[in-house]
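Participant: Sequence:
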Amino acid sequence: MRLRSRWDREIARLAVPAFGALIAEPVYVLTDTAIIGHLGTPQLAGLAVAAAILVTGYSIFIFLAYGTTAAVARLIGAGDERAATAQAVQGVWLALAVSLPVTVAGAVLAGPLVRWFGATGAAAGYGQTYLRISALGVPAMLMTYAAVGWLRGRQDTRTPLLVAVVSAGVNLVLELVLILGLGYGVGASAASTVLVQWGALAVYLLGMGRQARSLRVPLRPVGRSVGRLARVGLDLLVRTIALRLALTAATVVAARLGTAQVAAHQIAFELWNALALALDAIAIAAQALVGRLLGAGDVAAARAATRRMIELGLGFGLLVGLVLLALRGTLPHVFTDDPEVLRLASFVLLFAAVLQPVNAVVFVLDGVLMGAGDMRFLAVSTVAAAALFLAAATVLLATGAGLGWLWTALGGLMLARLALLATRIRTDAWLVAGAVR
1 MRLRSRWDRE IARLAVPAFG ALIAEPVYVL TDTAIIGHLG TPQLAGLAVA AAILVTGYSI
61 FIFLAYGTTA AVARLIGAGD ERAATAQAVQ GVWLALAVSL PVTVAGAVLA GPLVRWFGAT
121 GAAAGYGQTY LRISALGVPA MLMTYAAVGW LRGRQDTRTP LLVAVVSAGV NLVLELVLIL
181 GLGYGVGASA ASTVLVQWGA LAVYLLGMGR QARSLRVPLR PVGRSVGRLA RVGLDLLVRT
241 IALRLALTAA TVVAARLGTA QVAAHQIAFE LWNALALALD AIAIAAQALV GRLLGAGDVA
301 AARAATRRMI ELGLGFGLLV GLVLLALRGT LPHVFTDDPE VLRLASFVLL FAAVLQPVNA
361 VVFVLDGVLM GAGDMRFLAV STVAAAALFL AAATVLLATG AGLGWLWTAL GGLMLARLAL
421 LATRIRTDAW LVAGAVR
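Take the sequence shown: its letters are residues 1 to 437, numbered as in the UniProt record's numbering.
Please keep in mind that the hints were generated in silico from the structure rather than gathered at the bench. A couple of the hints might just be wrong.
[What the hints assert, rightly or not] Each pair of labels, with its calculated beta carbon distance range:
#1 Ala398 x Arg307: 37 to 47 angstroms
#2 Ala202 x Ala300: 33 to 43 angstroms
#3 Ala202 x Ile62: 19 to 29 angstroms
#4 Val436 x Pro112: 40 to 50 angstroms
#5 Leu109 x Gly223: 43 to 53 angstroms
#6 Pro221 x Arg307: 13 to 23 angstroms
Built from N, CA and C at the ideal position, the CB exists for glycine as well.
Please construct the entire structure, taking both the sequences and the accompanying hints into account.
Facilitator: Okay, structure coming up:
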């Protein structure tokens, strides 16, 4: 692997701020967890369930950011700033249209949802309160996804970082005042986060509105444009749901193995998700950079930048894997003192460490194909890989095979995705130049 490349500075300019912004949402949750934990165990348990529901829901709709990034980046590359801004405006309208039924469903079904996720007694009541109030922030969050996609497409990942840092700070101050200072409860925590989400959206919309006015871009929804974005988003939605189903099935299999097994699996899986944030930053850089280069018609540069991002992803994945391998006996102690869970978690983290280089390259290739607008292939390939894993999970459930076999199957899922994505990248089918794919 080359130590330096002409692409490194541009990749770092996009990826480093993107990483900072990616950790903002976990910071919101950690803030709530730390403060609500002082109110009592039922409150904390209710928050945990509600937060799990919200994180799952938000992850499904991340396509609003990815789809907008790819479309805007192409238009920026083609030199059509006006069309790029118009695309972003329609992306916000799509996000609003999607968010309204989700908001209503979240508010109306808050009780059944928290119980279905396992909350009981007082914890269920607190979880219902938190989720019902948090549902009011769903439109802001989903429209923010589209606005952030607009900025990423314009090769600006610094503004989302600044907004994320300020938002996290304001949220912390509000919660300290409302809960620890004035004695309000779980509802105040949710309300604080909702207020901050709407405040962040206002900042983004002001910037987008200013840009739209300067370029004379209409702010009204255009059915044809919203529909086109929805079709692109549908492919990404299918991809995301297929992946979530596979990962949820893994937790179901672990739960059937026993309490210690599912606890160990969850520890490894949480660390897996945390490391994914860093890898996602390179994927975001890939979306923005590849989209712009293809929009400019520079196919050779798009392939060269892709090659470099694969190298960087692989190198970073190897580094992270080695660190995780070295710390696999220490990290589980942060989560538990149970000897059996510690033993199993250390064992499972061996698999997680070995898979980090694979994960890194998969994430980069995902980002490259998103930036290229190759959404249909991403949907089909992810469904195929997830179907293979679900078949393996069914066998594991029937045979009662242990955690080692479960994580071997997870490795198979990632290797299947790698094989399919790498095969696609080796062709020219994804290298479609121009302002629109």
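Participant: Each of the hints needs a verdict: does it hold here or not?
Facilitator: Results for each hint:
no. : hint                                : in the structure
1   : Ala398 x Arg307: 37 to 47 angstroms : holds (43 angstroms)
2   : Ala202 x Ala300: 33 to 43 angstroms : holds (42 angstroms)
3   : Ala202 x Ile62: 19 to 29 angstroms  : holds (21 angstroms)
4   : Val436 x Pro112: 40 to 50 angstroms : holds (43 angstroms)
5   : Leu109 x Gly223: 43 to 53 angstroms : violated (29 angstroms)
6   : Pro221 x Arg307: 13 to 23 angstroms : violated (40 angstroms)
Of the numbered hints stated above, those contradicted by the structure are hints 5, 6, listed in ascending order.
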